[in-house]
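Novice: Join these two chains into a complex; the hints should help.
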Amino acid sequence: METVIDVAWVAVCQAADIPVDGGACALVEGEQIAIFNFARRGEWYATQNLCPHKQQMALARGMIGSTGEACEPKVACPFHKRTFSLLTGECLNGDECSIRTYPIKVENGLVFIGLEAG
Amino acid sequence: MVPQPVPTVVVIGNGMVGYKFCEKLLAKTPAFNLVVFGEEPRVAYDRVHLSEYFAGKTADDLLMAPLQWYHDQHITLHLGDAVQEIDRVSQTVHARSGLVQPYDYLVLATGSSAFVPDIPGVEKAGVMVYRTIEDLEEIKAYAATAKRGAVLGGGLLGLEAAKALLDLGVPETHVIEFAPRLMPRQIDAAGSQMLQTKLEALGLTIHLSKATASIGGEDKINALHFGDGSVLEVDMLVISAGIRPRDELAKLAGLEVGLRGGIVVNDEMQTSDPRIFAIGECALHGGMIYGLVAPGYDMAEVVASQLTQGARAFTGYDMSSKLKLIGVDVASFGDPFIAEPHSRSIVFEDAHSGVYKRINISPDGKYLLGGVLIGDAEAYNLLLQTVNNKIVLPPHPEDLILGARGGEANEGAGVLSLPDEALVCSCEAVTKGAICGAVTELGVTTVEGMKKCNKAGTGCGGCVPIVKDLIQGTLKAQGAYIKNVLCEHFDYSRQELFDLLKINDIRTYDAALDHFGKGDGCETCKPAIGSILSGLWNDLIIKQNTIQDTNDRYLANIQKGGSYSVVPRIAAGEVTPEQLMVIGHVAQKYGLYTKITGGQRIDMFGAHVSDLPDIWEELINAGFESGHAYGKSLRTVKSCVGSTWCRFGLHDSVSLAIEIENRYKGIRSPHKLKSGVSGCVRECAEAQAKDFGIIATEKGWNLYVCGNGGAKPQHAQLLATDVDKETLVRYLDRFLMFYIKTADPLMRTATWLNKLEGGLAYLKNVVINDSLGICAELEAEMALLIQNYHCEWREVVENPELRRQFTHFVNAPTLKDPSIEFEPVRGQKIVKAW
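First to last, the sequence lines map onto chains H and G. Numbered by the working numbering, the letters in the first sequence go through residues 1 to 118 in order. Numbered by the working numbering, the letters in the second sequence go through residues 1 to 834 in order.
If you're looking for bench data, these hints aren't it; they were derived computationally from the structure. Watch out, some of these pointers could steer you wrong.
[Unchecked claim] Straight-line distance between alpha carbons at most 27 Å, and here's what the computed DSSO-like set of lysine-lysine pairs gives:
| # | chain 1 | residue 1 | chain 2 | residue 2 |
| --- | --- | --- | --- | --- |
| 1 | H | Lys54 | G | Lys452 |
| 2 | G | Lys451 | H | Lys54 |
| 3 | H | Lys81 | G | Lys324 |
| 4 | G | Lys455 | H | Lys81 |
| 5 | G | Lys57 | H | Lys81 |
| 6 | G | Lys24 | H | Lys81 |
| 7 | G | Lys452 | H | Lys81 |
| 8 | H | Lys105 | G | Lys24 |
| 9 | H | Lys81 | G | Lys712 |
| 10 | G | Lys468 | G | Lys502 |
| 11 | G | Lys712 | G | Lys764 |
| 12 | H | Lys54 | G | Lys324 |
| 13 | G | Lys390 | G | Lys140 |
| 14 | G | Lys518 | H | Lys81 |
| 15 | H | Lys81 | H | Lys54 |
| 16 | G | Lys455 | G | Lys390 |
| 17 | G | Lys455 | G | Lys324 |
| 18 | G | Lys455 | G | Lys476 |
| 19 | G | Lys251 | G | Lys147 |
| 20 | G | Lys560 | H | Lys81 |
| 21 | G | Lys468 | G | Lys322 |
| 22 | H | Lys54 | G | Lys560 |
| 23 | H | Lys54 | G | Lys390 |
| 24 | G | Lys220 | H | Lys81 |
| 25 | G | Lys451 | G | Lys712 |
| 26 | G | Lys476 | G | Lys57 |
| 27 | G | Lys755 | G | Lys468 |
| 28 | H | Lys54 | G | Lys755 |
| 29 | H | Lys54 | G | Lys518 |
| 30 | G | Lys543 | H | Lys81 |
| 31 | G | Lys322 | G | Lys24 |
| 32 | H | Lys54 | G | Lys829 |
So that you can see chain G by itself, here it is in the shape it has in the complex (with noise of 0.2 Å):
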């Protein structure tokens, strides 16, 4: 048997491409033998992240694969050896070390180069490009000591470039531009204005319309000299005039080159000679450079098809971009420039907060055509499937750019209008379709699941909310009713839970689970009903503590390395100078690094487990209490100094934030609640930012509910005005209970009332107007709660049988845990880093 001849493919570039083009033709079939030639000594990393390696990354976290991939897939690899010629007739490669390689077929995947132009000076020290990790090093040399540096060049590369001199601490960054705006080629002349005022804000110069005649220095740059006379003296300069393709080897042999450079290919990305390819941004398409990663993966995906008999072709690219620059959103989307008569345009604009959005509809007002977003850029997404897909405006096509106003929005329903065709993540080539067929026929639920099964979300993350929403809309439209159950252990929902163990009588978790559930529980029904006990009896939870989470088995917030953190309560953060000694003095003894919390209290970390009882003993005899820190409950009560000391005080804040904290104080909830109360309109509290805040009205108090920070803040809304204090707490005893009741596990406030039926209104109906009649039962069940408060710590440090499960040894208590390791800071210590 002979075997079939195995035909070799030979890649000359191991750039993000062409690292590209070796997994998607591997992905279509193995028959190939695969030789790579890369010239720089690396394999392939990610240089649209360059940047983040300034931020911490290493050389390592930018790699596309490591060098262990390209082995396990059997491709023939030779780093930091260029091709030098290409023998066309022969059919063979020669590089720099001697090697000849033949080739069946070629793929050319060079790259380009910086393109520096030819200003008089650009040899001298301190000049340099952005480009390779290589020129990032020799960046990151020179700012360490530049006092002023200048970047050449104002388009999407020079600002990445600045911002990389900001985050390297050079004191003074300048941008020069020839033309009179920045990222000309991108975005329109007001979009260009917006994005100079914020970047200047943030600390960069911008020099428009300037033209630079010579750089200046004996062999150190030391000023630069413009056409128009005037000199900027710096000490560093990094060039980002725009890209050349690298196609001199292309050119050497024979290959057709596009006059302004670049190797001309077909919609095949088939060069002149058809058994030679090339691809990204060295290939000339249409009389177009694509210097992006996504087409570049594109044109990698046609040859890859090509090569197997597929008939994909490339033709041509949407230049959509978005990214964030120095902090600031950018997108242009489709075609930002289309003018009267044949579009016509709307414009937001807010100079005040730097945001500046324009979209260019179809004159019948039909279709969206492009447009250009400055400052937030959320909707990008959306407007460029939009655009791409031509679906049909809604009467009221300016809701695009400001939300719907007024009338309920319909979140996830404008992504699953769009075709299945969609291109929805254009980095990995992921349609619609893709993502919602996933859904229904591999049962995928969850963005990561999604990741592992088709790469959706992997490139640049940018459409990671787009299949978040596209997977929860599938979900949801796959049945008319998504039963909400609390795992796979239990049928019901949190809130039906709630109401049978009620019914029921049941108190404990196994009670439960022989009632109401199957299996054995796992790790997310196990405290989800630890809670709704608590919710309802509000028991010791040690007595059950191996179904409690570990920081309440711990009654203390587990940390890195496995340490605990320590919090007593400070009610309304009103502390004595005593309590303060106390605190210092523990800490100092059990060598805790101590820190101000953002509720006004003290945390103190690094506790070994079997210290914890100890170091309570000494807090509760010095007359403190748990903190609940560890719990879903409620944390602080933050409070101002209001009326006592505060000469524009309406209302003593502190005394009412103690009360309101000692009332709700160790009761468990869905999840953590925080407050705040304000003794005026200034709002020091920060009251509108918490699950219930509390604000002094001349009148009386007003009631907001329902807002949190966190990682999507969202504003407390005003529930109640000008109550009294006891119309207040008992307005609160109803809302909290009514939470504590109904929401889901793990559902802060602000989710909840999102996800209520009616909003606000019908929150309010239920709270103030009685509408479900509940509120006596509420208030009882409230009353029932706060008569069982204890001191979870004082019950374990005068119970020896408790306090004998704080130990890190079962078989020898006494012996800390030896992997725990810490090195100091600042006169303190930390945690190790894993």
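Isolated chain H (complex conformation) (with noise of 0.2 Å):
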């Protein structure tokens, strides 16, 4: 955790409601984000749930996994497999799109989102 961004953390869910090696959609402040509990690295990750490469909202219905050397974690979208980044939102199939990324951290069972401050 290199840069440290003023958030208001906002409990969401039951940790245990997120399906392991898998998301969940959760409606925080409006918006839809997707929840993932990537449970085999014990890890948790949260996106936008909108896919950008046809504005569908499924992100957290895709299946999660990990790619290269390095093992990024990433999520492919259902429509059409475009898979990105959870660590950075990037788009892992070369495409220009991104998506947003959010703070998240999981305490007494309960999951938490980070949202800007302010």
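Specialist: As structure tokens, then:
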């Protein structure tokens, strides 16, 4: 965590509500956010739910996995299999679109999403 | 420090070739100040695909590059400002706006205009040309009310224009040609005849050997009067009688022009003034005007090379071309007309399906010189390469147009035998060597990757199949054995994994990954392993829902917008009035769009994910079960009505189809499976287009396997003849299980058979003669899958834990996705376009 942004943490749902090694969509202050429980790696990720390729609210329903030597975590949109890095939001198929990622943490069995404060 | 002065290159004309010149020059060096003048208000657009403007493409879709591109490339662009004078002494151009622009080098890419013959009456309203987007808009406006349209000119562009009129719905379209046949410059008389027959069948009326004497009508056209005294009443006319090079500016500047038009250039594309170049349709090289885009691009490359100390020269261009005219393939290559004694021709003519092929070979039978293809131009690329690269012909050159008859066809070997210099993509001038090099040096493995790498296939797209063959052929040639692995996480093929998971009794994806894989998996290996596990154990797939593709994860088919469609099983298409009413009631209650599918059942579209369990609860209570339309599994067994009602039916095809569909329903396979049963040889169920199809005979049933429709249709092949039902089912068990165990992920049965060494003969041996001694095992494995069948939706409906997963918002389960929007259509609703 090298960048410290001033974020407001919002409790969203029970950690147990998110499928193991899968995702679900949450409505957070009017925004659709995809939450991923990467249990195999013991990691959590959050991104926008909208796939920028065809503007579909679908990323939470995508399969997650990893790619490359560095095992970069990624999610594949169920519509046309565009894949995005869960770390940076960058499209991994060479397209110029990218997705927004959000800070996320799990405490006491609750999932918190970090929204920009202010 | 005084900066080096940057030389200024002025380009007059912003068409396809003018644009391509900018692109090519900038790709070599940024060391020029580029200034472009275009007289049209738009930036360069794709004229080759102009007719697609009618088919729904917008002017923006046709742009070669958006306005922003010119900005990003630091090109000064003056649109809607025609250059009126070139002052060669002061090296300046003078534009209509009064702008005076000095140049160090000048490139004329002024193109051509439509040639309008001097016929009395051409000025009347309703007489148009076919050249620019503005012309197209005018044609469109007239076509809206026209009853009868005519096109003057039966050449390539004329027939394109005629297609445009047909597409625009002009009820009667005529083509008028002065010559005694269509496309006289490209194809021979027999080819013209075949083309004419096909076009007439499509609704065009063609008039040959007609000289148009005058155009009748007061202010607006109402008729064409011909030299032979005949009259044709029309209310619109599109003139497409050829092109005229735009050389007036050059002429004014005292540059040398041809007698019949065109700016004279040498092999370096220089005009009579060495600082001025001309490229594209305005240039006259070796006495020829080149009216195609590919030679224009080549000329652009020559000038870009000259300006950057290169040495490329233009040495003429092969005018071979292939196009689809109103759905009819037309191609000509090399010398299409050469005849005895300079060549011998092989001709294939099939008047029934409208195919004409002619190839001209050298008298010694060694080389291909040229030819014509009408109705089927699939062999065009290979034939063109064979001509251009002087490849020595095989002993039976007729195979080139007839296909090898008997013996194994050796796909792909042909393209690999091309020399490295062979030009594969003529639009972007990419050679075979460059394509294979991109595979071996840069690791390109897909057509998409190749497009990004060197633009091969991005022009007309005609070379894409050959590019694909080259990529695959090169990959294969790279290693004696290309290991066919699932993805980066599993170093095994699907078939190997199937055996490994079975022997080790592995039942979850995680266990498979731990034992045989690495990393965290991906969207390729997850569903593939899911399919293998289902093929082994047939457990409930949503126990591991996050490894399933989204359709299998939500047990429904995701559609545009993110809603789902619902398909209950209607085995063999047999449905009671009561069941129909239930479907109607459910669709009405949940606001679903309904449509009959190709597989004889009913699809309900537009369901919110959170409504799915409720919808299914009602369907299941009425006796329906999952149709597995979402799975890579058996879809439907289509049936004709058979001997129960039909006077021709030999056996009861419906009952058999129901039995077969219920036997194999829900079983997961490498890809979807479709089937059909026909009650007689009339084949109303189209069983021969299915993965497995059954047709009644006097003595029993014939079994066909490995057919499919889709993008590349293939007929099923006869596996067994006149068998009884028990034998039939036994063969089917073995066949399906063998496929499930050995195919690659997402490989349909047709492709599987095509790749199976030994082909159908081998498959027959395995399934019928038990040559591998595995038939008992295959039958036992299939029996286990059948025994483990469950309606997945019943399991969900009855299990609150599973039901809970069907929500859009995990933190607001009752809320539906507000981004899904519908709009009305014909009394139902459809999803809003993306």
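Novice: For a C-alpha distance cap of 27 Å, please report whether G/Lys560 and H/Lys81 respect it.
Specialist: Given that 27 Å is the threshold and the Cα spacing comes to 14 Å, the pair holds.
Novice: With the threshold set at 27 Å, check whether the alpha-carbon distance from G/Lys455 to G/Lys390 stays at or below it.
Specialist: Judged against 27 Å, a Cα distance of about 26 Å means the pair holds.
Novice: For a C-alpha distance cap of 27 Å, please report whether G/Lys390 and G/Lys140 respect it.
Specialist: Judged against 27 Å, a Cα distance of about 46 Å means the pair is violated.
Novice: Holds or violated: are the alpha carbons of H/Lys54 and G/Lys452 at most 27 Å from each other?
Specialist: The hint holds at about 21 Å.
Novice: Under the criterion that the straight-line Cα-Cα distance not exceed 27 Å, is the pair G/Lys451, G/Lys712 satisfied?
Specialist: Given pair G/Lys451, G/Lys712 holds - Cα atoms ~23 Å apart, limit 27 Å.
Novice: Given the hint that G/Lys468 pairs with G/Lys322, test it: the Cα-Cα distance must not exceed 27 Å.
Specialist: Holds: G/Lys468 and G/Lys322 sit about 19 Å apart, inside 27 Å.
Novice: CA of H/Lys54 to CA of G/Lys829, is that 27 Å or under?
Specialist: holds (21 Å)
Novice: Under the criterion that the straight-line Cα-Cα distance not exceed 27 Å, is the pair G/Lys455, H/Lys81 satisfied?
Specialist: Distance ~23 Å between G/Lys455 and H/Lys81 Cα, so the pair holds.
Novice: For the pair we were handed, G/Lys251 and G/Lys147, check the Cα-Cα distance against 27 Å.
Specialist: It is violated: about 43 Å lies between the C-alpha atoms, which goes past 27 Å.
Novice: For the pair supplied as a hint, G/Lys322 and G/Lys24, confirm whether the alpha-carbon distance does not exceed 27 Å.
Specialist: holds (25 Å)
Novice: G/Lys24 and H/Lys81: Cα distance at most 27 Å?
Specialist: Status violated; Cα separation ~34 Å.
Novice: Quick one, are G/Lys476 and G/Lys57 close enough, alpha carbons at most 27 Å?
Specialist: With Cα atoms ~39 Å apart, G/Lys476 and G/Lys57 exceed 27 Å; violated.
The structure fails to meet hints 3, 6, 8, 10, 12, 13, 19, 23, 24, 26, 28 and 29 from the earlier list, while all remaining hints are met.
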